[in-house]
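Trainee: Assemble the complex: chain A is given as a structure, and chain B must be docked to it using the hints.
Which chain is which? The protein sequence lines are A and B, in order.
Quick note on my numbering: the first sequence kicks off at 5 and runs consecutively.
Quick note on my numbering: the second sequence kicks off at 335 and runs consecutively.
Bear in mind the hints are in silico, worked out from the structure with no lab data behind them.
Note that this is a predicted model, so its numbers are computed, not measured.
Treat the hints with caution; some may be incorrect.
To list a few chain B residues with every Cβ distance to chain A over 12 Å, as calculated [what the hints assert, rightly or not]:
#	residue
1	Ser368
2	Leu381
3	Thr425
4	Pro440
As a list, the in silico SDA-like pairs of lysine to any residue whose alpha-carbon atoms are at most 20 Å apart [to be verified]:
#	chain 1	residue 1	chain 2	residue 2
5	B	Lys457	A	Gly451
6	A	Lys646	A	Thr575
7	A	Lys633	A	Ala491
8	A	Lys508	B	Lys457
All residues carry an ideal CB built from backbone N, CA and C; glycine is no exception.
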Amino acid sequence: MDLKSKYLYAFQLLGVAFIYFFTAKLGLSLEAVSGFATLVWPPTGIALAAVLLFGYRLWPGIALAAFAANIVTGAPLFAAIAIAIGNTLEALVGAYMLRTFGFDNEFKRARDTYLYVLVGALLVTMIAATIGTTALWLQDVVGDEAYRATWMAWWTGDMMGALIVGYFLLNLRKSATLRGPLLAEAAVLILFFVAANLMLFFDLTAINTVAGENNSLSIIILVLLFYAGIRFGSIGAAWTLFLMFVIGILGTVAGMGPYKEMTLIAGLEQLQSGVGWVGAMILVLAGIADERTVSRSEAEQQKAREVALLESIGDGVVGVDDHERIIYANHAAEEMLAMKTEEMIGKNFFDIVPAQEESGQYVPREERLATQGMALQKSLTKRAHYYVRKDKTRFPASVTVSPVILDGKVLGLVNTFRDVSRETELDHAKDELISLASHQLRTPPTGIMWFAGMLLGEEVGKINDTQRKYLEEILYNNQRMIDVVNAMLNTSRLELGTFIPEPKPFNVTKMIEDVLTELSSQIAQRNLKIEKYYSSVPEIIFDPVLVRMVIQNLLVNAVQYTPNNGVVTVTTDISENEFEFRVRDTGMGIPKDAQSKMFTKMFRAGNTRKFDSSGSGLGLYIVNRILEKLGGTVNFESEENKGTEFAVRIPMKSGPASQ
Amino acid sequence: MNPETKKKILIVEDDRSLLLALVEKFDREGFMVSSANNGIEGFSSALANHPDVILLDVLMPEMDGFTMLEKLRKTDEWGKKVQVIFLTNITPASEKVMAQITQSEPAFYLVKSEHMLSDVVEKVHECMAANERAVS
Numbered sequence: 005m006d007l008k009s010k011y012l013y014a015f016q017l018l019g020v021a022f023i024y025f026f027t028a029k030l031g032l033s034l035e036a037v038s039g040f041a042t043l044v045w046p047p048t049g050i051a052l053a054a055v056l057l058f059g060y061r062l063w064p065g066i067a068l069a070a071f072a073a074n075i076v077t078g079a080p081l082f083a084a085i086a087i088a089i090g091n092t093l094e095a096l097v098g099a100y101m102l103r104t105f106g107f108d109n110e111f112k113r114a115r116d117t118y119l120y121v122l123v124g125a126l127l128v129t130m131i132a133a134t135i136g137t138t139a140l141w142l143q144d145v146v147g148d149e150a151y152r153a154t155w156m157a158w159w160t161g162d163m164m165g166a167l168i169v170g171y172f173l174l175n176l177r178k179s180a181t182l183r184g185p186l187l188a189e190a191a192v193l194i195l196f197f198v199a200a201n202l203m204l205f206f207d208l209t210a211i212n213t214v215a216g217e218n219n220s221l222s223i224i225i226l227v228l229l230f231y232a233g234i235r236f237g238s239i240g241a242a243w244t245l246f247l248m249f250v251i252g253i254l255g256t257v258a259g260m261g262p263y264k265e266m267t268l269i270a271g272l273e274q275l276q277s278g279v280g281w282v283g284a285m286i287l288v289l290a291g292i293a294d295e296r297t298v299s300r301s302e303a304e305q306q307k308a309r310e311v312a313l314l315e316s317i318g319d320g321v322v323g324v325d326d327h328e329r330i331i332y333a334n335h336a337a338e339e340m341l342a343m344k345t346e347e348m349i350g351k352n353f354f355d356i357v358p359a360q361e362e363s364g365q366y367v368p369r370e371e372r373l374a375t376q377g378m379a380l381q382k383s384l385t386k387r388a389h390y391y392v393r394k395d396k397t398r399f400p401a402s403v404t405v406s407p408v409i410l411d412g413k414v415l416g417l418v419n420t421f422r423d424v425s426r427e428t429e430l431d432h433a434k435d436e437l438i439s440l441a442s443h444q445l446r447t448p449p450t451g452i453m454w455f456a457g458m459l460l461g462e463e464v465g466k467i468n469d470t471q472r473k474y475l476e477e478i479l480y481n482n483q484r485m486i487d488v489v490n491a492m493l494n495t496s497r498l499e500l501g502t503f504i505p506e507p508k509p510f511n512v513t514k515m516i517e518d519v520l521t522e523l524s525s526q527i528a529q530r531n532l533k534i535e536k537y538y539s540s541v542p543e544i545i546f547d548p549v550l551v552r553m554v555i556q557n558l559l560v561n562a563v564q565y566t567p568n569n570g571v572v573t574v575t576t577d578i579s580e581n582e583f584e585f586r587v588r589d590t591g592m593g594i595p596k597d598a599q600s601k602m603f604t605k606m607f608r609a610g611n612t613r614k615f616d617s618s619g620s621g622l623g624l625y626i627v628n629r630i631l632e633k634l635g636g637t638v639n640f641e642s643e644e645n646k647g648t649e650f651a652v653r654i655p656m657k658s659g660p661a662s663q
Numbered sequence: 335m336n337p338e339t340k341k342k343i344l345i346v347e348d349d350r351s352l353l354l355a356l357v358e359k360f361d362r363e364g365f366m367v368s369s370a371n372n373g374i375e376g377f378s379s380a381l382a383n384h385p386d387v388i389l390l391d392v393l394m395p396e397m398d399g400f401t402m403l404e405k406l407r408k409t410d411e412w413g414k415k416v417q418v419i420f421l422t423n424i425t426p427a428s429e430k431v432m433a434q435i436t437q438s439e440p441a442f443y444l445v446k447s448e449h450m451l452s453d454v455v456e457k458v459h460e461c462m463a464a465n466e467r468a469v470s
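Same shape as in the complex, but just chain A (with noise of 0.2 Å):
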């Protein structure tokens, strides 16, 4: 120990042995009960409160102390030591029990309250008694018949030391932190408390009798002391049993108050059990008065931690109950919808947010995000709306919603957006790279096709038959050189995923028909039949660029891979959930050892190239590929040389078919 600790301890110990001596002293001149055991023993609470603040070390003071006041009173040498030593363990003993059962300090827990009492005033004091009666009686000072009687007097005076003095000073520190309104509140409830107990055990009023009966002024004080309890909890306990103990004892050491009538020691013991009845109940209740205030910060501290979460967080969150109603917006929400808070919430979400497609045609509510997680009960995504502020200007968001599911109830939904602008920046920059690729890549074959095809229609002059063959060669390969530009090109949109699927509804009948059309030429030149079975109902809603090169691909690939005089089959199924599109080919078939890999990029079965060396090889992955997209599925089945037969499915968009 370094010199200051030093100092500090040997200060402790002469402060506490000296307040311990002074209020022994005090206590043991008050008529005690075989001139050792009072009825009002401080010290108890005193050195109880010194070892669990300062530590067990300090236990010479409190041993001294206690020694040097009972010879001084005149207690037998061998007596005084035992009484010493039975008050020393008396304190030692409580604060060890007491630290072995978490005991706090500050009387945060209602634990830690009824600890206290149970082990701090009831049971430890119990050693003192019966070390300190057990001497004297050995040493003759208390006879057997006074044995039980200075026991229990000794017990209770050491009770009280613990309960109002010690649990007073324990609450000290805790008193100190009272701040503002709070402090006045207190202060002035301290007033009317010390007034009105002087006023009971002063006799200041006439009002008063004989303690116990119709006494108006014990109620107020009793109310108060409820008050003080609830309100302050083991603050509000300490100060006023405390108080009311002092100024208790003093009156009626001063002959006056409702004890007046008595013995004083009749008069102290009346007192004592009144204030300790009392004041065991007011603990209990001060004990729950913390042990709320304490659950209640914990929950405004979980609170403020959850709500700092959820304020941090960058994206834009807000929450919707089941009424469409704004009830809550974060910090990132505001800046990016430019609006505070409080403007949004209680406000319909569909008008505080409105969203807009890309062209600038509102979204209508039934296909907003929001009503169609709530619909489903289930969290959604989507990337292709773009949000729209007060003042009209938008950013596109990428948008989840998650309802807010409680026992099968839907209570509402947490929207959580993200401006996107960068990235759509990013993607429309790729996507022009990509149109701007396509379109040079395709000028020079199409001004070879050009010349090529009027070379081949003689207008420039007759041509022989070879120079036909040759000619014939060229626009073929040009050809072939333009179908696999146009498949990368597809391909490239779809793995950088610039495709973001725009459902639509539109007619499904119309667009085979259309690329009938387009193979018309193919068609009549292997004199192809094509057999149509189309659904009654020819309106689907998927996005028709993409639904488009499906049908495209499936049909070219029936059209080219069947051989002359051969028959298509093309078949659509609409039911309410799902689209079915069928194309079956009397063609070449595939091998079954290429059934697995008819779908990877670049893969074309042993048999086609055979037959058709110009296939990029890419047709089925795309097709592929925008079925995932779609959430659809395509399958196929196929015999060598007997035909083919692709079917794709596309589980329908829940909502409804038309505005």
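Mentor: Here is chain B on its own, set in the frame of chain A:
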């Protein structure tokens, strides 16, 4: 053929080779052909010559095809009604672009690399027929 009864066609295309093919083809088909290399030239040529049909490329320097048509449509009664066929090599990527296109009311939108010249001629004849019907 009498010059007055010959049908007039304006071809706006910036690629020299493609323009050559188109001009030669339509000349052989009996049209009176005028040509331009970009949107600005095309715009003035259209107003000066009042062709019966305009073949319009999209990606061009100075002024692109979309912008030229928009301008033309806003100019006068003739500009509002004249038949225009977009002849280009870009696939309209998104709905927004398609909306833009259809707003200006072209008669057709053809992707060059998908059509032989004879197809283009056919479409032009269709436009002419529509013109006749409108007039009569």
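Trainee: Against this structure, judge whether each hint is valid.
Mentor: Here is how each hint holds up against the structure:
With a closest Cβ-Cβ approach of about 19 Å to chain A, Ser368/B is found to remain outside the 12 Å limit, as its non-interface label requires. Interface exclusion of Leu381/B from chain A stands, the closest Cβ pair being 27 Å apart, more than 12 Å. Not every Cβ of chain A is farther than 12 Å from the Cβ of Thr425/B; the closest lies at roughly 6 Å, contradicting the non-interface assignment. Every CB of chain A lies more than 12 Å from the CB of Pro440/B, the least distance being 18 Å, so the non-interface label holds.
This hinted pair checks out: Lys457/B and Gly451/A have alpha carbons roughly 19 Å apart, not beyond 20 Å. A C-alpha spacing of about 19 Å is found between Lys646/A and Thr575/A, which places the hinted pair at or below 20 Å, so the restraint holds. Among the hinted pairs, Lys633/A with Ala491/A is consistent with the structure: their alpha-carbon atoms are about 17 Å apart, no more than 20 Å. Annotation: proposed proximity of Lys508/A to Lys457/B is violated, straight-line Cα distance about 28 Å (limit 20 Å).
In this structure, the earlier hints numbered 3 and 8 are contradicted, and the remaining ones agree with it.
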